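These are the residues of each chain, in order.
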Amino acid sequence: MKRISGPIGVRIRRPAWNPGQGGVDPPWTEICGSGPPLPPWMDPRKRRCRGAWAAFLSVVALAALSVSARAQVPPPPAAAASPDPPAERPLAAMSVEELASLEVTSVSKKAEPLLAAPAAVYVITGEQIRRSGATSIPEALRLAPGVEVARIDAHTWAISIRGFNSTTANKLLVLLDGRSLYTPLYSGVFWDVQDTLLEDVERIEVVAGPGGTLWGANAVNGVINIITRSARDSEGGFLEAGGGDRERAFGAARFGGRWGDRAHARGYVKGLSRGANGLADGRYTGDDWRMAQGGFRVDWERGADSLTAQGDGYSGKERDRSTGVGGANLMLRWDRQLREHSRFQLQAYWDHTDRRIEGTLRAHRDTYDLDFQHNLTVGARHDVVWGLGYRVTSDDNENSSFVAFVPASRTDQVFSAFAQDEIDLWRERLSLTVGSKLEHNDYTGFEVQPSLRLAFLASSRQTLWTAVSRAVRTPSRLDANLVITAPIAVPGAPLPVTVVIRGDEAIAPEKLVAYEAGYRVEPASSVSVDLAAFYNRYAELRSTEAETPMVVLTPSPHTVLPSHLANGLEGSTHGATLAVSWSAFSSLTLQPSYTYLDVDLHARRGSVDLGTAGSTEGSSPRNQWALNAFLALPADFHVYAGWRHVDELAAVGVADYSTLNLGIGWQPTSQLELSLFGQNLLDPRHREFARAGSVELQRGVYGKVTWRF
Amino acid sequence: MAVLRSLRRVVGIACLLAVAVAAGSARPAPSEREVEAAFLCSFADFVEWPHADSDAPVKILVLGEDPFGRMLEETARSRPMQTRPIEIHRSRRLEDAARFQMVYISDSERNRIPEILDGLAGRGILTVSDVADFATQGGIIGFVIENKRVRFEINDEAAQRTGLHISSRLLNLARIVRTSPRGGG
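Protein chains in written order, with my numbering: chain A, 216 to 924; chain B, -9 to 175.
Rather than coming from a laboratory, the hints here were simulated on the basis of the structure. Each hint should be verified, as a subset may be incorrect.
[Stated by the list, open to error] Beta-carbon label-pair distances, calculated as ranges:
no., chain 1, residue 1, chain 2, residue 2, range
1, B, 104, A, 647, 38 to 48 Å
2, B, 101, A, 607, 33 to 43 Å
3, B, 108, A, 310, 44 to 54 Å
4, A, 603, B, 97, 53 to 63 Å
5, A, 310, B, 109, 45 to 55 Å
[As the list claims (entries may be wrong)] Coverage of chain B stretches by chain A, computed from C-beta distances (three or more under 8 Å per stretch; other residues unrestricted):
no., segment
6, 27 to 33
7, 145 to 155
[Unchecked claim] Listing some non-contacts, in silico: residues in chain A with all C-beta distances to chain B over 12 Å:
no., residue
8, 342
9, 458
10, 473
11, 534
12, 554
13, 623
14, 671
15, 719
16, 885
Just so you know, these numbers come straight off a predicted model, no measurement behind them. Glycine residues also receive a C-beta, built at the ideal position from the N, C-alpha and C atoms.
Whenever a hint applies, use it, and build me the whole structure from the sequences.
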């Protein structure tokens, strides 16, 4: 594989390996509010959730009191158009008008053929994002088959792949132009701060399945690569403004230009204000969200060298100011072609993030990352990529009486090396990709993440592939250093009750061995069918272990229900995704998909897990159906429809639901576009991950004017 | 729920149809390069060169790394009888370009477009390329990909300046652009 954007040994290249085109770009991280680094059920900062949590905690407390330490309570948990060729005539015999209407296969000159990738890879194009009306990266991810995207409020999402979803989901690696977006605080992503100018997103590559061999720890269940366009491909001006009821108001401006003979540069600013969603009875919830962000990218090329510099800065907050976020990042990348089939890339970035959750936590973090990678072919049969990486990340937390990280500040380093060889076993039809990452982290020392992938190109239009890989999730600050102290109300209890949850410095990494297989076929130029199945075996998953309750006399007498994080769970998941893309007519593309998932976890012998297994099993849908349709109409109208059905989430009390987004755009001139979008149209309100009695997502409508010049 | 069930059915049918269509027809879409090659040869029929002999072959030069392989020759060979014959040549040297009617500038030369265009200015040569923003840099026809289709931009001012007349039929298919000041053409 080439390290790509994908973690896979896939042939998708990491952005930087597409010199000149689609390099990497800067993103932004933004702010997200909701997922505090705590198990979501413990988050006290939002009144709207507090009732449910208090109830839950009471149950835990009562159970613990009556059954001693053996409480087994359910706890918390934490496409476009394609005209047929006009007959089988040679192209040379076609008129220029016919040629101009022909759809062509290789749209990007440097794209690697996805068809041959030995992994479950899906690509969301920038065009699809813009047609769908997605106003955020999480919403755009709904366009990829099999991604569990569950929205909670105006700026909070739970996102995962192949199970284990939660607001603190921790098994995905997410990258924006090569910059890691997950926080070492809890190994998850604060989705509310992950943003960029969507107009300049070239594509998002979603890889389901482990990518640890290339990408390292945390690429356990999948990798998401967000890739922005090279500054060379974004010359000119772009202005956008819009608003509606939920997406109250937003605007963006970008200007890109040439800078001398060899360089291109662009800069952008954007801002948004989203309205609160409210409770089922209409009462106000404080999830209104405002963000402002700006950034730049410069791409310079000379002969065999290309340099990219990019950076972003952002700031955001909830209206009631209970959550505030900010951050900035800067990246430099140098790419050099050494010989025809040999190139290296050196990349360095700095990323600063700041998150304040009133009364709960304030966390600052700085990360510095250095990454080297070299792709080369050796002989006629070996496509090799190897690389070295170093990352240092340090945080500084202002603890509260409720949530604390002990110690409050910590600096951790990660050293890594990887190598992978894609071997042509037989006539470029059968290829074996073998490789491993070796990584050293400050929590658990050395970790190895090998993988073996086999791909067979049965014809030029169909591929069979299979893979076995190992991945680990190394401990985060939360796993090792968290201390939660939560007084709870227990009616009838003789003394006040406090729940305490502690992390454990000795906690081990979570481990996965994944077995995957897939079949991909393009039976006609207008159709592609992708079937991918997996069986994952997990060991040493994180659990919350109950300890014996005790009575503490200071400062005043109260009962303490202690527990700690440990590696008490194991189990397996299996499932499959069928994704079809069909350009039914020259102007209509349909993309139906179906994903099945079964999660089966249990506590290991000796574990007194407080229900994490059950809550994890019930937090991801067993069945997901989706249908995205992109229609181009005469007179430059475009229509988008996105429908999905998601099964119930028993652990969070969310019933199965269907929802529909619609969009219509009209481009009266090549510069001006007017569009109108409706979101969540089937019901006035519904819940996707929030518990009963808390915030519900409302139907929304917004309009937008776009001017490109 | 009824909506849901019906949508499920729609999805199911769509899947079945997709598979059926898949099984039925298998005609590969042409590659971007093949279509560009076909366009390149067609351009000969829509451009009038100054003092040209309309029966002589149109000579096309591919300047830089050739991205077409045998495609250009095959396209040239299978052109309809009544059209002008075409000769394909390849070179990496700009000095060779002067005697051609049409020069295709390969992506390998993208860093010296201004230099090449200066060298070819005023010689009545139709310049074509798929380098980004070729036509706004002062080139005459630049290929672009739009909605998965190969389209082109034409800088008609640049064409007229060098003495070429481009047929309105071709201009109608193109996006007409001018040399942009920052393009340095």
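Okay, the hints, checked on the actual structure:
1. B:104 <-> A:647: 38 to 48 Å: Since residue 104 of chain B and residue 647 of chain A have Cβ atoms about 46 Å apart, the given range 38 to 48 Å holds.
2. B:101 <-> A:607: 33 to 43 Å: holds (37 Å)
3. B:108 <-> A:310: 44 to 54 Å: violated (34 Å)
4. A:603 <-> B:97: 53 to 63 Å: Violated: the Cβ-Cβ distance is about 31 Å, outside 53 to 63 Å.
5. A:310 <-> B:109: 45 to 55 Å: Given range 45 to 55 Å: violated, Cβ gap about 33 Å.
6. 27 to 33: holds (count 5)
7. 145 to 155: violated (count 0)
8. 342: violated (8 Å)
9. 458: holds (28 Å)
10. 473: violated (5 Å)
11. 534: holds (34 Å)
12. 554: holds (15 Å)
13. 623: holds (49 Å)
14. 671: Residue 671 of chain A clear of chain B: closest Cβ-Cβ about 19 Å, beyond 12 Å.
15. 719: Answer for residue 719 of chain A: holds, closest chain B Cβ roughly 44 Å.
16. 885: Residue 885 of chain A is in fact no farther than 12 Å from some Cβ atom of chain B, at 7 Å.
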